[in-house]
Amino acid sequence: MMTTLRRIYMALFALYLIGPIIVITAVSFNAQKFLAFPPRGFSLRWYAAIFVENDWFAALVNSLTIAAASALLSTAIALPVAYAAWRYGLRYARALFALGIAPFILPPVIMALAFLLFFSSVGINGLMANVIIAHAIFLLALPLVTISLGLESIDKALIEAAQTMGASSWTVFRTVIAPIAAPFALAGFAFCFVLSLNEYIIALMTVGFTVETLPVKIFNALRYGYTPVIASIAVLFLLVNITVFSLIARFSNLARILGAMD
Amino acid sequence: MRKSSLSRYVVLIPSSVMIGVFFAIPFALILLVSVSSPADDADFRLGFDLQHFERFATWFYIERALFSAGLCALIAAISMAIAFPFTYVLTTFKRRAQDLWLIYILAQLSLSEVLIAFSWQILLSRTSGIGNIMAMLGMVERSFAMTPSAGAVIAALVYLTVPFSVLLLFPALSRMDRSLLEAARTLGASPVRTFFTVVIPVTRPAIISGAVTVFVLTLGAIIVPQVLGRPQHWTLSVLITDQAIFNFNMPFASALAVVLLALSASVIALVSWLGRRAEA
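Order-wise, the sequence lines are chains U and Z.
In our numbering, each residue carries its 1-based index in the first sequence increased by 2.
In our numbering, each residue carries its 1-based index in the second sequence increased by 55.
Just chain U, with the same shape it has in the complex (with noise of 0.2 Å):
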């Protein structure tokens, strides 16, 4: 009986959860330009639509650049943090930290309005370096948290040894500390560009007028009425999605960066 329980639950969440995105794949495959479940013939036209229409691959050219730079920078500003705060315990670092997780706690609006006042009273209005250096902040948390699980997961006693046959800090971080944080600093930069390339209300709030990124186009979209190529990229970003993810759980420890102990 239980069991039957279960079973029934796990099923009825397991459609919760993938059942909207089974109809947005059966109307991304309609033959017709009219978005109909079930859908009305095959056709993989969508997907052309989105490589072969100049204004939506201009989108999907923008964000995927803006994805790919803001989790760089992300990554660069977190590194020396995150380091600073696990080798030498300095209590600046730790501040700076904790700092660096603010953005992203907060709700994204409140970001996307402070990125909007201070890039318009500075005078820099419209460039795409607006975009990637404000996800790069509101993104910060996420490398600062999965480099200092890995550097967590490091042996003190290994340093110890290192130093004591004669290593010297560089030589140490090159040989020791590198090679077990750099999965978990390339899980960051992933997390990044993932988050980065659907994020909508801050791209909106500092480039929205002159660089457009996919959820912004998709948005634009919406109000003019529906089109298949919707469906088509909701798949299409979802299937990255699942490959950086992946590709996260093969390399480097996803379980772990969740919070399970190993």
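Check each hint, because a few of them may be wrong.
[To be verified] Here chain U is said to cover these stretches of chain Z; the calculated rule only asks that three of the stretch's residues, wherever they fall, bring their Cβ under 8 Å from a Cβ of chain U:
| # | stretch |
| --- | --- |
| 1 | 132-144 |
| 2 | 162-168 |
[To be verified] Label pairs and their computed distance ranges (CB to CB):
| # | chain 1 | residue 1 | chain 2 | residue 2 | range |
| --- | --- | --- | --- | --- | --- |
| 3 | Z | Q106 | U | N222 | 29 to 37 Å |
| 4 | Z | S321 | U | A180 | 40 to 48 Å |
| 5 | Z | V247 | U | N222 | 47 to 55 Å |
| 6 | U | R96 | Z | R259 | 25 to 33 Å |
| 7 | U | T173 | Z | L61 | 17 to 25 Å |
| 8 | Z | L242 | U | S170 | 56 to 64 Å |
| 9 | Z | N302 | U | R176 | 50 to 58 Å |
| 10 | Z | F250 | U | A180 | 41 to 49 Å |
| 11 | U | A60 | Z | V65 | 36 to 44 Å |
| 12 | Z | L329 | U | M167 | 47 to 55 Å |
| 13 | U | M167 | Z | L61 | 23 to 31 Å |
[Said to hold, decoys possible] A short list of chain U residues far from chain Z (calculated; beta carbon distances all over 12 Å):
| # | residue |
| --- | --- |
| 14 | F44 |
| 15 | D57 |
| 16 | D157 |
| 17 | K158 |
| 18 | G168 |
| 19 | A169 |
| 20 | V178 |
Note that these hints are calculated values from the structure, not bench results.
C-beta: ideal position from N, C-alpha, C; glycine also.
Put chain Z on the given structure of chain U with help from the hints.
Chain Z in isolation, oriented as in the chain U frame:
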């Protein structure tokens, strides 16, 4: 030694500059602009003027703030309640099955709110959604649209937050001492009773902090209330966007943002105070 301890701080300079210039200053600007006064030449002049907060203190905006808080509390409760049993079962799966589920959950969690709102719009539409399926199965006479409605907003917001709830509960449930369960079973407790008298009390701190996080997260939702709801379902975040982007009223948008900030901060503070009192 002195040189090396100085160099520890030197490597922190670039990060400090980035965080200081692009987080601390923009954040301070919101506070400053929210108390600025209007000017003829520009839209506002820095100063100290509470007129934007006075505008907030009318029933229309207070009602919006109360509605936002109530909606977010409801979403947090539903989301945690349906995510908890799932996460509990998930942690008993083999490592590989756990990883697969976690990958899917993360992928859905990262999906843009714009895409989630769109998906639910389709799902609840007349021509290509649940209504259509029900009509085909003969459950209803003809298909009907289920948006815009409060139910649609709730269903999509829970969908948006459920993956977060799972991930927030995951650490506590996966680290939970399983011998407690065995002890309860040996003493004759049924699985249901074990669940309610052992599992839930042991993981209560995670449930409370998770619910608060989901509450704050829902406060940030912008697209779902706009796309799936009527104007009476709009939350503070929607109003802030509206003021900033479409009315170009930065001071009032900032004042609303300060209210939103105060609302999130006070809920976080209240719950952590309750948590500490419960421990003592």
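So, going through the hints one by one against the coordinates:
1. 132-144: The restraint on the stretch 132-144 of chain Z holds, since 4 of its residues have a Cβ under 8 Å from chain U and three suffice.
2. 162-168: holds (count 6)
3. Z:Q106 with U:N222: 29 to 37 Å: holds, 33 Å
4. Z:S321 with U:A180: 40 to 48 Å: holds, 43 Å
5. Z:V247 with U:N222: 47 to 55 Å: At roughly 50 Å between Cβ atoms, U:N222 and Z:V247 fall inside 47 to 55 Å, so the hint holds.
6. U:R96 with Z:R259: 25 to 33 Å: For Z:R259 against U:R96, whose Cβ atoms are near 28 Å apart, the range 25 to 33 Å holds.
7. U:T173 with Z:L61: 17 to 25 Å: holds, 21 Å
8. Z:L242 with U:S170: 56 to 64 Å: holds, 59 Å
9. Z:N302 with U:R176: 50 to 58 Å: holds, 55 Å
10. Z:F250 with U:A180: 41 to 49 Å: With a Cβ separation near 44 Å, Z:F250 and U:A180 satisfy 41 to 49 Å, so the hint holds.
11. U:A60 with Z:V65: 36 to 44 Å: holds, 41 Å
12. Z:L329 with U:M167: 47 to 55 Å: Hint holds: Cβ distance 52 Å, inside 47 to 55 Å.
13. U:M167 with Z:L61: 23 to 31 Å: About 27 Å separates the Cβ atoms of U:M167 and Z:L61, which means 23 to 31 Å holds.
14. F44: holds, 15 Å
15. D57: Correct as stated: the minimum Cβ-Cβ distance to chain Z is 16 Å, above 12 Å.
16. D157: Label holds. Min Cβ-Cβ 20 Å, cutoff 12 Å.
17. K158: holds, 17 Å
18. G168: Consistent with the label, U:G168 stays out of reach of chain Z, its closest Cβ about 17 Å off (over 12 Å).
19. A169: Fine: 15 Å to the nearest Cβ keeps U:A169 off the interface.
20. V178: The claim stands: U:V178 keeps its Cβ more than 12 Å from every Cβ of chain Z (closest is about 18 Å).
When the structure is compared with the earlier hints, no violation turns up for any of them.
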